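Asks: Since the structure of chain A is already known, use the hints to place chain B on it.
Just so you know, the sequences run in chain order A and B. Going by my numbering, the first sequence opens with residue 12, and the numbers climb by one from there. Going by my numbering, the second sequence opens with residue 80, and the numbers climb by one from there.
Calculated from the structure, these hints are not laboratory results. Small disclaimer: the values here were computed from a predicted structure and weren't measured. Note that beta-carbon positions come from the ideal geometry of N, C-alpha and C, so glycine has one too. Some clues are possibly wrong.
Label-pair distances were calculated between CB atoms; the ranges are [to be verified]:
| id | chain 1 | residue 1 | chain 2 | residue 2 | range |
| --- | --- | --- | --- | --- | --- |
| 1 | A | V76 | B | N618 | 29 to 37 Å |
| 2 | B | V756 | A | D72 | 52 to 60 Å |
| 3 | B | I331 | A | G61 | 43 to 51 Å |
| 4 | B | L671 | A | V76 | 22 to 30 Å |
| 5 | B | R251 | A | D72 | 50 to 58 Å |
These stretches of chain A come out as covered by chain B in the derived footprint (C-beta under 8 Å, 3 or more residues) [what the hints assert, rightly or not]:
| id | stretch |
| --- | --- |
| 6 | 23 to 31 |
| 7 | 45 to 51 |
| 8 | 57 to 71 |
Part of the chain A face toward chain B, derived, beta carbon under 7 Å [to be verified]:
| id | residue |
| --- | --- |
| 9 | K19 |
| 10 | D34 |
| 11 | G37 |
| 12 | V38 |
| 13 | S39 |
| 14 | R40 |
| 15 | Q42 |
| 16 | C54 |
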Amino acid sequence: MNPTEQPKILAFVCNWCAYAGADLAGVSRIQYPGNVRLIRVMCTGRVNHGFLLKAFLRGADGLLVSG
Amino acid sequence: MTQTHSTPQSEKTGSITIIGSGIAGIQTALDIANSGFHVDLIDEKANVGGVMAQLDKTFPTNDCSSCMLGPKLAKLANHPNIDILAYTDVLGLEGEPGRFQLTVKKKARAVDPKRCVACNICAEKCPQRVSDPFNLNLNQRKAIYIPYPQAVPLVYTIDKEHCTYFTKGKCRVCEKVCKNKAVIFDQEDEIITLDTGALILAGGFEPFDARLKAEYGYGQWPNVITSLEYERMLSAAGPYQGHIQRLSDGQIPRRIAWVQCVGSRDSQIGNDYCSAVCCMSATKQAMITKEHDGEIDTSIFFIDMRAHGKGFDRFYERSKSENGVRYVRSLISRVIPNPEDDTLSISYVAPGHDPQEETVDLVVLSVGLCANTSSVKLAERLGVSLNEYGFCESDPLDIVATAKPGIYVCGAAQSPKDIPDAVQQGSSAAAQATALLADVRGSNVTAPTIHEERNIRGEEPSIGVFVCHCGINIAGVVDVEAVAGYAGNLPDVKYATDCMFACATDQLQEIKQAIKDHALNRVVVASCTPRTHEPLFRNTLREAGLNPYLFELANIREQDAWVHQAEPQIATHKAKELVRMSVSRARLLEPLFETSYTVVPEALVIGGGLAGLSAAHAFAEQGYKATLVERTAELGGNARTLYYTEDGAQPARYLQDLIQKVENQPLITVCRETQVVSITGSCGDFTATLSQKGQSQTISHGVVVVATGGQEHMPVEYLYGQHPGIITQKEFEKLLVSAPDKARQLKRIAMIQCVGSREPENLYCSRVCCTAAVKNSLKLKTIQPDAQISVLYRDIRTFGFRESHYSEARRQGVRFYRYALEQKPHVTHQDGELGVSVFDAHLQATVQLQADLVVLSAAIRPRPESRELAEAVRLPLDEDGFFMEAHPKLRPLDFAAPGYYLCGLAQGPKFASESIAQAGGAVSRAVTVLSQKEIVAEGMVSRVDAELCRACGECEKACCFEAINVKQGAAGRKQAIVTEALCTGCGVCNVACPTGAASLAHFKDEQINRMIENHSQLNSED
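Chain A with its partners taken away, still in its complex shape (with noise of 0.2 Å):
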């Protein structure tokens, strides 16, 4: 990572609860920084390792996943 480059955080969310909470920061208009991602699913049961590895293939510098 380019460390003049804010790093790239991919968030996986679960539809019912962190999705729902990251809506809600938006509603309540709290500022946080652009740098994440958020792809929903609809239990973070859904993720697979497979998925984290790929990410950080692909330029994630850092995961979440909430739910």
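Replies: For chain B alone, coordinates are given in the frame of chain A:
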């Protein structure tokens, strides 16, 4: 039970009106609309949701209130058979049960609901600030408003009392800025008449006006607030973003005191009832406070701790042991302000201590639940009688039936109650109203329109992208045109455009047109959250002849424009990436097809007590066959010896009538001495194996109601069984009824409460024993007025209107001695004389009592056979051995497994009236299944590729819903097979599968991988 009428069926209306849209009204509406009837849901307020929408968390799980309510509101808003008439007043009622005409006034919002897309631009630009009643006036909103972002219907309303145009004739800013021309100043009230078969009153409550208790200084001292205000303060979406503070200076309070029973249990102000929820509500608030900031001291000043619901005593104990909440058993007589530092002094007398004084920074008044003023007026207009406190009067055993045929009541409009009680009563009211109209079920519902679907097999992806401005919500931050331009250059995108409001009716029309004009076979909308808008867009695809699963939403509002408001470049860049991710996924989306199963329109009811009999009877009233299975040779269960209630009802007599009705009902088959051996199949199509005296038989049914009951605990202390003068409360009731001459001889009675309840190994309250002690005391007083009755208790829990009977018992000289768990009473037996010694925690002294009779209020236990059944049909039990519902708050009558419902003592201790209401409610829940001809399974389920499956069973182990099992497959060898009706689409099996055979439709590996590959510009060709 349900009232009978002679109305000819051809004239009945298959529609039901619900007045009041809090959680009780919402549950009622959803049950009814899902059972083949049309619903008109009326509320005088501009939006639905009631008080639950204002709560931060709910006890005893501390779940987020609006997160639980949100999905219900979304279902309500999208339901084809529910018309929401918010901002509507009821004017009058004519006609008769089965065919009423209700006249209502739809008040003018000055906003056209068809054009308003809730972009909020009007409110942003409106110059007029107004106190915000949703936040209890703790902050301000604009004169054009929605109360909260998730409001349903999502339509703005002009507050005409405060709008500058309506008050002074000037302004019209909202009209100018509304890009959709939704503001209509001269919109007029509309008076319409609704044809409706039945009416359900669900007007809820209003909080007690704390100013009426001037000694607490509410309204005078800024740091004295009400419990509802504190709820808004705790809410992250509230006026202080969840920061606990003193209103005088915004400082974090170091000490907070809760004062209980403000406006409750107070005969001086005419409220001689308990509000039933405040003890747990204060406990919850104190726990949440501790979670926000462990440094804050939290003290609750109370009279009796009323933790009478399921899981409440554990919650109470946890608040003390884990959160360090302090409880002080004392009333607070007044709050004295200290103006120099805005602190408050409270004085109290704790048991065994001299008067004490304490200084706190914030006082929270736990205000009681009072009758809703407009419900009172409405009841008068409808001719429904009210009790002395203004709540709707209903039958003591059939608590959802008012005295007026065709009009039912549920929720806090009937009596103060918590959310689960309101929800199950809502379902119960739904059952009775739909039973009245059972013969016109389906006559007034909208059949879903079938749209011919285009087959896209073999077509290359052809994607349309629509990027939404959302007025200035998105476009104010994100360069929407640039995003649309960028999207147009992505692979397979055939059409890309920006639009003002993607969700507006005219724009949806344009999306449909674009699908046709550009032969699109995938659609991506970049706008707001799929959680609210995906159903709408999917439906648009359906109408345009595309499979609805060929749709993808990129959330560039909640998760982009709104969270990067000061960084337009970053937000635009992110929007492009989100669109690219969505487009890459959309290329791989596949059409999905929902499968359906035929429903067996019959019910299996397990347990022939009051709850089971009520359920079987209610099924028959709905027109469905029911098989009632009773383990013993006799129907009736515990209610056979419930001779009378505190309010004059006679459950045992009611039961005999009910048994007769059940036995004479041709739709009900009663199987005595029968046990359920197993149940296989899934919701809508079960097969049960029953064993009757060794003979086995199988029956088909669509739903299961578990009503296996409970039993009185046999005491193992207080010398029970060693002396004929030591009996249980139930035995005492029998004595009072069957041997009044013997009862007349009784001069000295001692009752001991909580025998087997509220102890570490049985940490739950049996709910009914305090009221039983009070009712039996009063009964004995009528037989023998000179009897000296002493009740030894820990907390008196006569919640709701039962409180007035407790007051009456005190008035009649029944003595109450409070003991602590650590210092239980002793029963002695010497020379034939019984004695009880107890250390009275209030007097701090030992009291010696002589007794002719010692009555033990023994706990309610689940039946031991419940465990066998739970194992046989794989249903969960809670730690006390009662059956466990799907969710203690909003799904109290459902099991997590679809098609299974529960009611009565099997679920937890309760009164006879509550068992009857729960039984009706469970039937209402079950009829939402039985009334469907077919169950449609969601298309987004797991699929197994038989070629790849090696039947290892990893998926079966991983699945929480028993939806995937290794069985003999069609190819003749073993493989995993998905029961689509049970599959929730979580994808756990997909992850567990080592060969890639199990795959979750719509979230396949490659569909997710493509998003991962496209998440970062670094790895993109673009």
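Asks: Just to be sure I understand the hint, the distance between the Cβ atoms of V76/A and N618/B should be within 29 to 37 Å; is that true here?
Replies: holds (32 Å)
Asks: When you take the CB atoms of L671/B and V76/A, is the distance between them in 22 to 30 Å?
Replies: Holds: the Cβ-Cβ distance is about 26 Å, inside 22 to 30 Å.
Asks: Count the residues of the stretch 57 to 71 of chain A whose CB lies closer than 8 Å to any CB of chain B, then report whether that count reaches three.
Replies: Three-residue rule met by the stretch 57 to 71 of chain A, so holds; n is 10.
Asks: Using 7 Å as the Cβ threshold, decide whether V38/A counts as touching chain B.
Replies: Hint holds; V38/A Cβ to chain B Cβ min 5 Å, cut 7 Å.
Asks: Does Q42/A meet its interface restraint, that is, does its C-beta lie within less than 7 Å of any C-beta in chain B?
Replies: holds (6 Å)
Asks: Kindly confirm whether 52 to 60 Å is satisfied by the beta carbon distance between V756/B and D72/A.
Replies: Once the Cβ atoms are compared, 57 Å apart, the range 52 to 60 Å for D72/A and V756/B holds.
Asks: Grab the minimum C-beta distance from K19/A to chain B and call the hint holds if it beats 7 Å, violated otherwise.
Replies: holds (5 Å)
Asks: Let me know if the C-beta of C54/A comes in closer than 7 Å to any C-beta of chain B, holds or violated.
Replies: Since chain B brings a Cβ to about 4 Å from C54/A, closer than 7 Å, the hint holds.
Asks: Using the C-beta atoms of R251/B and D72/A, is the stated range 50 to 58 Å upheld?
Replies: For R251/B and D72/A the Cβ distance comes to about 51 Å; the hint holds.
Asks: Can you verify the interface hint for S39/A: is its Cβ closer than 7 Å to any Cβ in chain B?
Replies: holds (6 Å)
Asks: Determine whether the Cβ-Cβ distance between I331/B and G61/A falls within the hinted range of 43 to 51 Å.
Replies: This hint holds: roughly 46 Å between Cβ atoms.
Asks: Does R40/A hold up as a contact with chain B if the rule is Cβ-Cβ below 7 Å?
Replies: holds (6 Å)
The structure agrees with every numbered hint stated previously.
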